[in-house]
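Undergrad: Here is how the chains run, residue by residue.
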Amino acid sequence: MSPTTADRPVTGLWRATAAIVWKDLTAERRSRELLSAMLVFALLVILAFNFALDLDPKTRSSVTSGVLWVTFIFAGTLGLNRSMAAEKDRGCLDGLLLAPMDRSAIYFGKMLANLAFMLIVEAIVFPLYSVLYNVNLFLPGLLLIVLLGSVGYVAIGTLLASMAVQARTREMLLPILLFPVTLPVLIAAVKGSAAFLGGLPMDEIRPWLNLLVVYDVVFLAVAFMVFDFIVEE
Amino acid sequence: MPVVSNTDAVIAVHGLTKRFGLKSVLRGLDFSVVAGEFVALMGPNGVGKTTFLRILASLSRPTRGEVWVAGCRLPQEAASVRRRLGVVSHQPLLYGDLTAAENLRFFARLYSLPSPAGRIDEMLHLVGLYRRRHDPVRTFSRGMQQRLAIARALLHDPDLLLLDEPYTGLDQDAAAILDGLLRQIAAQGRTVVMTTHDLGRVAALATRFDVLARGRIVASASRQAMGEAQLLRFYRQAVNGEVAA
Amino acid sequence: MTKTPTALKVLDAVSVLLLAVAAWMVFAYAPMERTMGLVQKVFYFHVAANWVGMLGFLLAAVAGGAFLVTARARWDLLEVAAVEIGLAFSLIGIVSGSIWARPIWNTWWTWDPRLVTVTVMELIYIAYFMLRQGIEDPDRRARYAAVYAIVGFLSVPLTFLSIRLFRSIHPVVITSTKAELSPKMFQTFMFSLFTFTVIFAALVWHRFRLGQLAQRIERLRLDRES
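Residue numbers (numbering that gives the first Met the number 0), protein chains in the order written: chain A, 0 to 232; chain B, 0 to 244; chain C, 0 to 225.
Among the hints, a few may not be true.
[To be verified] Lysine to aspartate or glutamate pairs mimicking EDC-like chemistry, simulated, CA-CA at most 16 Å apart:
{"hint": "1", "chain 1": "B", "residue 1": "LYS22", "chain 2": "C", "residue 2": "GLU217"}
{"hint": "2", "chain 1": "B", "residue 1": "LYS48", "chain 2": "B", "residue 2": "ASP29"}
{"hint": "3", "chain 1": "B", "residue 1": "LYS22", "chain 2": "C", "residue 2": "ASP11"}
{"hint": "4", "chain 1": "B", "residue 1": "LYS22", "chain 2": "C", "residue 2": "ASP222"}
{"hint": "5", "chain 1": "C", "residue 1": "LYS183", "chain 2": "C", "residue 2": "GLU32"}
{"hint": "6", "chain 1": "B", "residue 1": "LYS22", "chain 2": "C", "residue 2": "GLU224"}
{"hint": "7", "chain 1": "B", "residue 1": "LYS22", "chain 2": "C", "residue 2": "ASP136"}
{"hint": "8", "chain 1": "B", "residue 1": "LYS22", "chain 2": "C", "residue 2": "GLU135"}
{"hint": "9", "chain 1": "A", "residue 1": "LYS87", "chain 2": "A", "residue 2": "GLU232"}
Derived from the structure by calculation, the hints contain no laboratory data.
So that you can see chain A by itself, here it is in the shape it has in the complex (with noise of 0.2 Å):
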């Protein structure tokens, strides 16, 4: 009818993605409702954590990777279904699958966003760590296991949040699919941090970091190739 349109059939894929990271952001800027969420949820579990294993300062630091990474793990879930929850609750969804684009766009989208609000809150976490507990956390070893680790849970997490929003208890079924599966994750990403905070040579860290990568390389690439058939209908 117009010719406004007609030249280009479909968007391409990293634009529409772009938008979609930028939608969510923009939308947490604004309520902030998932981010703060996450952050006192976060903070709240490290507190349990504190007075639970009663760290005196030689311990302390053996335990300070699995602290963290189980704090991640817990708050990355919040995240992960409220952000796919609001896609969900107003219908939302429909009116990114009417788009004229890839559906891929979506995947990535979501997942990119996603990943921003785990490493903010890793981010805020770190430094907080750090003082309350003695610790230097900035090492950038340990920091390259935190982006793969956060990798790995979110490629993953994303799918298994746009499967768990569509139930009536996807509060309760996301970490109950989710855990299992990241469970190479935990352990490569805990086992990673605490070899960098240890100072261990690179020998012993390298296996860690190869299965992080091949775990998000693996991932990635399934949950790719896989998201259509959850979002058709």
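Given chain A, put chains B and C in place with the hints provided.
TA: Below, chains B and C alone, put in the same frame as chain A:
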């Protein structure tokens, strides 16, 4: 047997069947719409109007049958057809935390519109929300959200507009504004298919009335044939299976 | 479809026979193990059960892939059957492992990588059923289940690798013994493996038919309603 696609036929549906698991909702439905028509699709609750509209909107796949929308076969060519469709459902499909303008900007990006800012302003003026464009959608009344939803549906200048019970939850004023908008849209020559319960509203707007019952279109009549009272009788008879129009 | 096909009846009979023979082999044919004694004989069925559990999950993942590609309901039915039966056999594997460990190492549980991996696998498949229960629309339920069956199965080798790596850096006192098998023991072992695989096939087939029957009843019920 493939339907001969008439170049004027914006929608051509032949033998459409839709099953959810083992339950059949649409059974061998035939339907066609020519450019410029305003079709009111009526039917009892739960008969499958929304299901049918979702299939036309490429949101749902047909179990069996042929569906052609804007010259594209669904579901195979769904990606090509989306650009030419505008959809308004009973949920607003809007992000509450974003402002009206931001919502439209987001969709303008998804549709790759060349000069979004101008188009967004134009649409906001059309639906009378320009002054509220920097307010979060969360603060909008149901009527205002519906108007913004229409702005979103028209943003990319679609040939075909699909509306699913758009009057749901609107008060008199909002409904009157929606009337005006739909009249404008029809006057622009766009093709419209609207499902509705509200026979009164539809009697004045639509050029054609179809009744969906028992899984298929059981009756169809053009507007010249009747006024509102006749329309009600026509609808009741069709649903009770008394007349084949 | 209401009568059991002949092939399945034969398979049933063969399964019973094989199980009888396998039991005889385990108790009479295979020699008594020197250090562990009678309880070592759990090993034959324990490994076979775990192997079959793994087979079930592989079958489920393949059926899931087939369902996503073809959208034919029979693949979904096969997937459910494979997961259920696999779940049961893995449970037998885990419990028999506990029974074996208790008298030997005085503990009900070892953190052996294989044992932990099988347990995690078991949890994934319990989660699978919870996912199925949570989704009401049948088409969506089948699609989601297929996706999770595939994802779950793919995570298992990575889980195993990560736990094994974990263990190699932190060697634990208890290690699982893979004692040398004498020829008779090896034969018994392989025969048990084979027997359990046949029993698995029979049970999956039965469960698949059960699913088909349930679907048929549902269809009849819906036809009557409309």
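Undergrad: Next step is simple, just say for each hint if it's right about the structure.
TA: Tested hints:
{"no.": "1", "hint": "LYS22/B to GLU217/C", "verdict": "holds, 9 Å"}
{"no.": "2", "hint": "LYS48/B to ASP29/B", "verdict": "holds, 13 Å"}
{"no.": "3", "hint": "LYS22/B to ASP11/C", "verdict": "violated, 35 Å"}
{"no.": "4", "hint": "LYS22/B to ASP222/C", "verdict": "holds, 9 Å"}
{"no.": "5", "hint": "LYS183/C to GLU32/C", "verdict": "holds, 11 Å"}
{"no.": "6", "hint": "LYS22/B to GLU224/C", "verdict": "holds, 10 Å"}
{"no.": "7", "hint": "LYS22/B to ASP136/C", "verdict": "holds, 11 Å"}
{"no.": "8", "hint": "LYS22/B to GLU135/C", "verdict": "holds, 13 Å"}
{"no.": "9", "hint": "LYS87/A to GLU232/A", "verdict": "holds, 14 Å"}
Going through the hint list in order, the structure does not satisfy hint 3, though it satisfies all others.
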